[in-house]
Amino acid sequence: MVGRPAVAVSSKRLDGFLKWYYNAARLNKLGLMRDDTMYETEDILPMEQWTKYEEDKFYLEPYLKEVIQKTKENEEWAKK
Numbered sequence: 158m159v160g161r162p163a164v165a166v167s168s169k170r171l172d173g174f175l176k177w178y179y180n181a182a183r184l185n186k187l188g189l190m191r192d193d194t195m196y197e198t199e200d201i202l203p204m205e206q207w208t209k210y211e212e213d214k215f216y217l218e219p220y221l222k223e224v225i226q227k228t229k230e231n232e233e234w235a236k237k
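Straight run, no breaks: the sequence shown in this note's numbering ends on number 237.
Among the hints, erroneous ones may be present.
[Stated by the list, open to error] Derived Cβ-Cβ restraints for the label pairs, each shown as a range:
(1) 214 x 237: 15 to 21 Å
(2) 211 x 167: 15 to 21 Å
(3) 225 x 204: 34 to 40 Å
(4) 232 x 182: 32 to 38 Å
[Unchecked claim] List time: in silico BS3-like cross-link candidates among lysine-lysine, alpha-carbon distance up to 30 Å:
(5) 236 x 169
(6) 169 x 186
(7) 237 x 209
(8) 236 x 214
(9) 214 x 229
(10) 214 x 176
(11) 222 x 169
(12) 209 x 222
(13) 222 x 176
(14) 227 x 237
(15) 227 x 214
(16) 229 x 209
(17) 214 x 237
(18) 227 x 169
(19) 186 x 176
(20) 186 x 236
(21) 186 x 227
Since the hints were made in silico from the structure, they are not lab data.
Nothing here was measured: the structure is a model prediction, and the numbers come from that model.
From the three backbone atoms N, C-alpha and C, an ideal C-beta is built for every residue, glycine too.
Work out the full structure, taking the sequences as your base and the hints as a guide.
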């Protein structure tokens, strides 16, 4: 029996899974976004106020990239 080669997951399928998981986690019902880590309230928001997957932003990502870049720079300086 010949094994099948590994198939990369298409971005469309992956995006579909991410949307499903985002909605299944139900954090949007609490008004939370991906980068939120604190629960400020436990109240359930009305459905029209839920955060949509498409509206959710990685607002901490630029800062994370900056930290990674600074860490790499520090490592380079430490080597010298």
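Check the hint pairing residue 227 with residue 214 against an upper bound of 30 Å on the C-alpha distance. Measuring from Cα to Cα gives roughly 23 Å; hence the hint holds.
Going straight from one Cα to the other, do residue 227 and residue 237 come out at no more than 30 Å? 16 Å, holds
Keeping to a limit of 30 Å between CA atoms, is the pair of residue 214 and residue 176 held or broken? Between residue 214 and residue 176 the Cα gap is close to 13 Å, so the pair holds against 30 Å.
Would you mind confirming whether the straight-line C-alpha gap from residue 186 to residue 227 stays at or under 30 Å? Since the Cα atoms of residue 186 and residue 227 sit roughly 36 Å apart, the hinted pair is violated (cutoff 30 Å).
For the pair residue 225 and residue 204, does the Cβ-Cβ distance stay inside 34 to 40 Å? With a Cβ separation near 37 Å, residue 225 and residue 204 satisfy 34 to 40 Å, so the hint holds.
Just to be careful, I want the Cα atoms of residue 222 and residue 169 compared with a cutoff of 30 Å; is the pair within it? Holds, at about 25 Å.
Hint consistency between residue 214 and residue 237 [alpha-carbon to alpha-carbon, up to 30 Å]: 38 Å, violated
Going straight from one Cα to the other, do residue 186 and residue 236 come out at no more than 30 Å? Not OK: residue 186 and residue 236 at ~48 Å, beyond 30 Å, violated.
Between the alpha carbons of residue 236 and residue 214, is the straight-line distance 30 Å or under? Roughly 36 Å separates the two Cα atoms, so the pair is violated.
Given a hinted range of 32 to 38 Å, is it respected by the beta-carbon distance of residue 232 and residue 182? For residue 182 against residue 232, whose Cβ atoms are near 35 Å apart, the range 32 to 38 Å holds.
With 15 to 21 Å as the target window, see if residue 211 and residue 167 comply at their CB atoms. 19 Å, holds
Does residue 229 lie within 30 Å of residue 214 when you go C-alpha to C-alpha? 25 Å, holds
Against the hints set out earlier in the document, violations occur for numbers 1, 5, 7, 8, 16, 17, 18, 20 and 21.
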